[in-house]
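Read top to bottom, the protein sequences are chains W and V. Read in the working numbering, the first sequence has 129 at position 129, and its numbers run on one by one without any break. Read in the working numbering, the second sequence has 160 at position 160, and its numbers run on one by one without any break.
Wrong hints could be hidden among the right ones.
Which residues of chain V face chain W? A few of them, derived with a C-beta cut under 7 Å, are [to be verified]:
id	residue
1	Pro15
2	Gly17
3	His19
4	Ala20
5	Arg81
6	Ala97
7	Arg100
8	Leu221
9	Phe222
10	Ala223
Just so you know, the hints here were simulated from the structure itself, not pulled from any lab data. Even glycine gets a Cβ: it sits at the ideal position worked out from N, Cα and C.
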Amino acid sequence: MHREETQTVLPAARPRGRALRIGIGGPVGGGKTALVAALCRALSTELSVVVVTNDIYTTEDADFLRRNGVLADERIRAVRTGCCPHTAIRDDITANLDEVEELERLHDPDLVLVESGGDNLTATFSYGLIDRQIFVVDVAGGDKVPRKGGPGVTRSDLLVINKIDLAELVGADLDVMRNDSAAQRGDRPTVLISLRAEHGVAPVLDWVRRSLTAHRA
Amino acid sequence: MTALAVLLLADSRLPNGGHAHSGGVETTVAAGFLSTVDDLELFLRGRLCTTAPVLAGFAAVACLLDDDADWRRWDRALSARIPSAALRTASRLQGGALLRTVAGMWPVPAGLRQLGRPHQPLVLGAATSAGGGSALDAAGLAVHHLLGGACSAAIRLLGLDPLAVAAVQAAVGGPGAEIARQAVLAAEIAVTSDDPSALAAVSAPLTELLAAEHAQQEVTLFAS
Chain W
1 MHREETQTVL PAARPRGRAL RIGIGGPVGG GKTALVAALC RALSTELSVV
51 VVTNDIYTTE DADFLRRNGV LADERIRAVR TGCCPHTAIR DDITANLDEV
101 EELERLHDPD LVLVESGGDN LTATFSYGLI DRQIFVVDVA GGDKVPRKGG
151 PGVTRSDLLV INKIDLAELV GADLDVMRND SAAQRGDRPT VLISLRAEHG
201 VAPVLDWVRR SLTAHRA
Chain V
1 MTALAVLLLA DSRLPNGGHA HSGGVETTVA AGFLSTVDDL ELFLRGRLCT
51 TAPVLAGFAA VACLLDDDAD WRRWDRALSA RIPSAALRTA SRLQGGALLR
101 TVAGMWPVPA GLRQLGRPHQ PLVLGAATSA GGGSALDAAG LAVHHLLGGA
151 CSAAIRLLGL DPLAVAAVQA AVGGPGAEIA RQAVLAAEIA VTSDDPSALA
201 AVSAPLTELL AAEHAQQEVT LFAS
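Based on the provided sequences and hints, a complete structural model is requested.
Structure below.
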């Protein structure tokens with residue numbers, strides 16, 4: 001027979017540890033998982049990092065993170081979102097909060113990365129779940145994406161435009177994307193990168209380190 | 001205000017952790033037993049005969065219990081009625097999620113909070129009481145969420161016509177309301193006699209077995 005399941009006692013109401021929680025969202029195929037892996041590779045030697053991913057639909061995705069993330073399995077948790085990735089990061093954050101708090105309790109991390117499932121331009125994180133959010137789009141999705149706006153493009157704390165190495169191949173104008181992003185976002189930062197390039201993640205790393213410094217201040 | 005509080009607890013917009021659970025629909029679809037609106041109606045009627053009286057009874061009990069009741073005992077009595085560990089875990093995940101939300105809305109019994117992740121029907125019933133609702137409201141909410149969660153999952157997984165599914169949900173609502181009424185009668189006896197054995201103890205072997213299988217799949221869209 002099955003033994004009685006553990007009744008984990010939840011921490012008292014809404015504790016906030018010292019960890020900085022960063023949400024990473026954006027459409028399918030933009031490079032969210034690749035960005036999480038690149039950040040873990042670069043940061044896991046200097047910081048304690050844990051990851052909650054909502055983006056595991058296939059075992060391939062899970063294996064990708066395990067192979068590339070340089071994180072131990074017990075530092076990665078998957079949350080299933082019942083076909084509604086945006087609900088789990090915005091309208092009903094309870095399942096993600098459970099996993100974030102559990103990882104914080106177990107590992108006392110400096111940085112928590114919460115990866116959304118791939119969604120559309122309107123899908124953003126609730127600030128009840130994370131402290132800062134990165135929205136990832138890619139050049140191959142068309143250079144009109146920043147102009148289309150939507151909460152992810154206009155309100156995210158960092159907009160990442162990935163796969164700039166493909167711009168020429170897909171006829172995308174990076175200056176158009178850069179200018180449209182600036183127009184949509186005001187003072188909020190945008191970086192154009194290629195995660196496939198050596199040190200391609202560097203501009204995002206700089207932003208994460210600055211955010212961490214500000215968070216600890 | 002009571003009616004509004006009950007509606008709030010019925011509203012899927014309330015963060016209650018339920019949206020990621022299919023109520024057994026995902027695994028039943030995967031096993032090939034559910035693919036049409038007619039299948040869904042049969043599935044729901046099956047749930048009404050088995051799981052519904054149990055969940056509704058415990059929700060009604062939780063609404064009737066005093067704040068200083070032995071909540072752990074009633075929580076264990078519900079565990080005893082859910083054979084598969086997978087479904088007990090699913091119930092506790094949703095109970096913990098709902099508790100996190102309602103504890104910020106109304107005063108919730110300390111004995112319930114001390115359980116950490118109590119079973120979902122207990123939290124639902126206690127929240128109904130805290131919001132000013134009745135035991136019948138609590139039992140009705142338990143049945144409503146059982147049916148609604150399954151319907152929503154079937155629409156997302158199978159692309160069923162949501163208007164047709166709404167009609168099915170309304171059709172089984174009549175029998176569902178009767179089950180809620182019976183559950184309240186049982187709950188009143190159970191609380192008065194301080195004995196959980198007055199509550200329904202029915203289950204469906206296939207549901208329990210499929211839930212256990214679902215929990216072992218590495219990749220599923222729903223948590224249960």
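Going down the list of hints, with the structure as the test:
1. Pro15: holds, 4 Å
2. Gly17: holds, 4 Å
3. His19: holds, 5 Å
4. Ala20: holds, 4 Å
5. Arg81: violated, 13 Å
6. Ala97: This interface hint holds because 4 Å falls under the 7 Å limit.
7. Arg100: Result: holds, 6 Å to nearest chain W Cβ.
8. Leu221: It holds, given that the least Cβ distance between Leu221(V) and chain W is near 5 Å, below 7 Å.
9. Phe222: holds, 5 Å
10. Ala223: holds, 5 Å
Going down the numbered hints, you'll see the structure goes against just number 5.
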